[in-house]
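Engineer: Chain residues, written in single-letter form:
2 protein chains.
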Amino acid sequence: MSKTWVNELTEIVGEEHIQTKKSSLIAYSFDATPNFQALPDAVISPKNTDEIKQIVQICYKYNIPIIPRGSGTNLAAGTTPTQGGLVILFTRMNKILDIDEENLTITVQPGVITDTICQTVEAKGLFYPPDPSSMKISTIGGNINENSGGLRGLKYGVTKDYVLGLEVVLSNGEVIQTGGKLAKDVAGYDLTSLMVGSEGTLGIITEAILKLIPLPESKQTLLATYDSIEKAAETVSSIIANKMTPETLEFIDQPTIKAVEDFSQVGLPTNAEAVLLIEQDGPKMLAERDIAIIEQLTSQHGAINTQIAQSETEAHALREARRTALSALAKLSPTTILEDATVPRSEIATMVKAINDIAKKYNVNIATFGHAGDGNLHPTCTTDLRDKEEWERVEMAFEDIFAKAIELGGTITGEHGVGEMKSPYLEWKVGEQGLQMMKQLKHAFDPYNIMNPMKIFAKSTRKRVVVS
Amino acid sequence: MSKTWVNELTEIVGEEHIQTKKSSLIAYSFDATPNFQALPDAVISPKNTDEIKQIVQICYKYNIPIIPRGSGTNLAAGTTPTQGGLVILFTRMNKILDIDEENLTITVQPGVITDTICQTVEAKGLFYPPDPSSMKISTIGGNINENSGGLRGLKYGVTKDYVLGLEVVLSNGEVIQTGGKLAKDVAGYDLTSLMVGSEGTLGIITEAILKLIPLPESKQTLLATYDSIEKAAETVSSIIANKMTPETLEFIDQPTIKAVEDFSQVGLPTNAEAVLLIEQDGPKMLAERDIAIIEQLTSQHGAINTQIAQSETEAHALREARRTALSALAKLSPTTILEDATVPRSEIATMVKAINDIAKKYNVNIATFGHAGDGNLHPTCTTDLRDKEEWERVEMAFEDIFAKAIELGGTITGEHGVGEMKSPYLEWKVGEQGLQMMKQLKHAFDPYNIMNPMKIFAKSTRKRVVVS
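Protein chains in written order, with the numbering used here: chain A, 1 to 468; chain B, 1 to 468.
It cannot be assumed that every hint is accurate.
Because identical chains cannot be distinguished in the list, a pair is counted as satisfied if it fits within a single copy or across any two copies.
[What the hints assert, rightly or not] Pairs of lysine-lysine, BS3-like flavour, derived with a Cα cap of 27 Å:
1) 243 with 124
2) 95 with 243
3) 360 with 463
4) 124 with 231
5) 284 with 243
6) 388 with 47
Rather than coming from a laboratory, the hints here were simulated on the basis of the structure.
None of these values were measured; they are calculated from a predicted model.
Chain A with its partners taken away, still in its complex shape (with noise of 0.2 Å):
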C-alpha cells in the first residue's frame, strides 16, 4: 500500500504499530452490531496524545475518516469504518495515570479496561459504578463515546456522571482540556458532558479524570420469581413508589432465563415467567434493612418465590449470571440482536406487553432483560440474518419496538449509542429542530466530517410504515 497518507502515518508511529494488510483489516471492519461491515484503509495504534494529534492532523489534511475503537463490544455499529478510512485504537494508551485519595479521582487512558479500574479502586475502598455488561472486556474510552450504563445505573447514575474532566483531540488537530479534578466548574459550556456519548463524531478522547466515590460498606442481593409480567413490573413501581432505590433493580423474562440458566447453570427458575434481581448497597445494617422492605414489596405484588442470597458467592453467581445474558442468548441462534429502547419507568409493564405482542405480529423470537429500574429494556431477537425473509419481519419488530418506545415517552437509546444502526430513527426522538441543532454542533467541531463519519446522522430518516 502506497498512499500518501499512510505513508505519512507510519512516519508518526513505526511499521510495527500500523496495519494496512486487508487480512489484518477485516478483524476491525465489524463491531459487535450484526450485519454492519465495513473495511477501514489502515488500523493505527498510537503511543500518546501527541502522536494522535499529528494523525489527526494529516487526517484532516487527506480528508480521511477517523475511527475510535475500544474493544469493538457496541451494539448500534458506532465503530464500523463506514466509509473506510483509519481505525484508530488504543491498545498502548491502557495506563492508570493517577489515583487521588484526596480527591478522589482516577486519571487514566482510553485504552484502560473498565473493569480494571473498577478492580484497582475497590481495593483502596473506592468505588467507580458505571457497570456495562462487558465490561471485562470494553475499554473506558469506549464507555465515555457511548456513555455507557449498566446495572448499577438506577441508584449511581451512568458514565457521564463520573466523567469530570478530559483531554481531547478535535478535528483540526488542536487538543483542548475539559474540566479537573474538581466538584464544581461553569467556566463556559460543558463541554465535558457534550464528548461523553458524543461517540467519537466530535473528537478524540485521549485522557479522562473520573470521579469516584467510597465503596458501599455492604451488599445484600434478592431474586424474585414471578408467574406473570405484569407482578414483576408493578413490583418495580412499587418500589419506587416506596421511596426505596436499590443499586440494582434488573427484570428477566423466561426466555432470557432459560437461556442463561443453560448457559451459567446457576439455578435459576426456568419454570418462571419473569425474575427480578435486586440488589442493594451501604452499610450493612441499612441494606439489609431495604432488602427485607423490598423482599415483602415483591411479596405484596405476587412473587411466588423470594431468595435472598446467602452468601456473596451465591450473589456473585446471580449477578454474573445475569451479566451472560446476551452471550447466552447468542449461543441459540446464528444472529442475536440486543436492543436497548427506554421508556420512563411507570411504562415498563406497558413495554414489555407491547414488545411480547409485536413479536407475535411479526413471528419473530425476542426475548426481554435489562434494567427495570431505569426503564431501561434490552429486547433481544435470536434470528439468522441469512434468512432475508426473516430479517426483514426483525427489522419491521424492532422499528415498532423503537415507535412504542417514543410513544411511551422513551427513547430509541438508553445506553447503546445511535451509531449507524439507530442513526434513521434519531429524529424520531429529537424532532427535525433538534436534528438539524444537532447537526450545526458535529459541523462546529469537524468542519469536514472526518470524526467517526455516517454515525448518530443517517443520511435520511426512515420513514414510519404501520403493518396493520
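Given chain A, work out where chain B should sit, using these hints.
Structural biologist: Here is chain B on its own, set in the frame of chain A:
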C-alpha cells in the same frame, strides 16, 4: 417609544406585559453584581412558549439582543443588558406543571422559585437537592442557566445532575425538546447538559423536567470551632479521606463569622478563627453514626469545640445563618463582591491561605466562606466602588485569586457562572483552543449573536499582570 419591533412585540403580549419607560427599565439594568449596569430597550413578560417563540422570531428579524432574566441574583453580571435589547421575564411562567411520583420527576416553568419546588416536593416525601443560598428568591430558570450549586453539593451534586429534559426556544425561534422523564437517554448529543449552565447564550429555556429523589429520613448538624484555618482545612481532607460524604461541609472564616453573628445572632463563636458547619442526612441510625465519626475527626484535627444541634430548630438556625453570609457581609460596606474560585478539595487550605495573603498584599478586606467539601470558596470583598483607587486594588486582588485557583488545578467559577464579569478570564481556564471551540459552538446555536450577547465571551482576554 415607537420602534417597529417594540410595536410588533406589543401585539404579541399586549401593552400591559411590555415595559419601555426608562423609570421601569432601570430595575432591569443590573443584577446582584456591583459595577455592571446597562439599560435594556424593553422588558417583556410572555405567558407561554408560543409567545416566546414569536418574540424570538421578531428579535431574530431585527437583530435585537435577548436577555432572559430570573430574579436577578446573578453574581457575575450574567443578566445585565450589556448591549441593550429585550429583557425577558418569566413572572407569568411560574407554574409547576406536573409532579410524577412514579417516575420521580417534576416538570416546571422557568419562573418557579427554587424554594417552592423544594417545599412542594418535600410535602410528598421527595427531594430536590440543589440549594443555592439565594433559593428563596432565585428562579429555577436562572438556576438551570447558571448550573447553580449550593450547600448540599458535596453529597448530591448541582443543578445539572437534576435536569432530565428541557424545552428550549432557539435563536431562530424554533423550539426543541431534549431528554425526557428518562433515567437514561443517549439519542444524539446531550443538548440538555449543554444548555444547563449556558447562561442564556444558546437559547431560552421555557420548560424543564427535573429529577427528584426520596427525601432523606433525618438530618444531623454539627458545628466545629477552630483556632486556626489550617486545622479546619485539614479536617475537611480527613473527612473525605475517611470515606465520609456529608450532605454539607461548609467553611466559614472569622470575618464572616462575626458578620453573620451580628446579622443573625445564633450564637456563633466570634472569637474562632474558623468554623465548619457539617450536616449528614439519611436514615437516623446512619446519620448519627456518620456525625459521631465526623465529630471524632474534627477533635482529632484540633477543633477547640464541637456542638451537635439538639433540635431541628437549632440546626435550622445554624443553616440559615450560613445562608445569610452574603447579606451579612453586605451590611459592612457600600459594595460587596462575592467570588467563587474553586480548587480541587485537597487544595482548600492552600487556597484559603493564598486568599488571605493576597488580601494583605493589596490591603483589601476579604472574608472567606464556602463549600469546602467541593473546594468551592466564596472570597468576599467588602469595599466601596466609589473609591477608585481601592477598587483597582480589589480588582487586582481578584485577578490574583483567579490565577492562584487555576495554578492549583482549579477554575475561575464553581457555581456563579462567567457572565460579563469573568469573561476576560475564561481563557485562563479553558485555553485558547477551548475558548475557540466554545465560540464556534455559540455560533452554531446563535449565528447572529442575539442570545445574551457579551456574556461568557469577552472582546479580549485579560493579560496577566503580575504585581510583585
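Engineer: Name the hints, by number, that the structure is in violation of.
Structural biologist: 6
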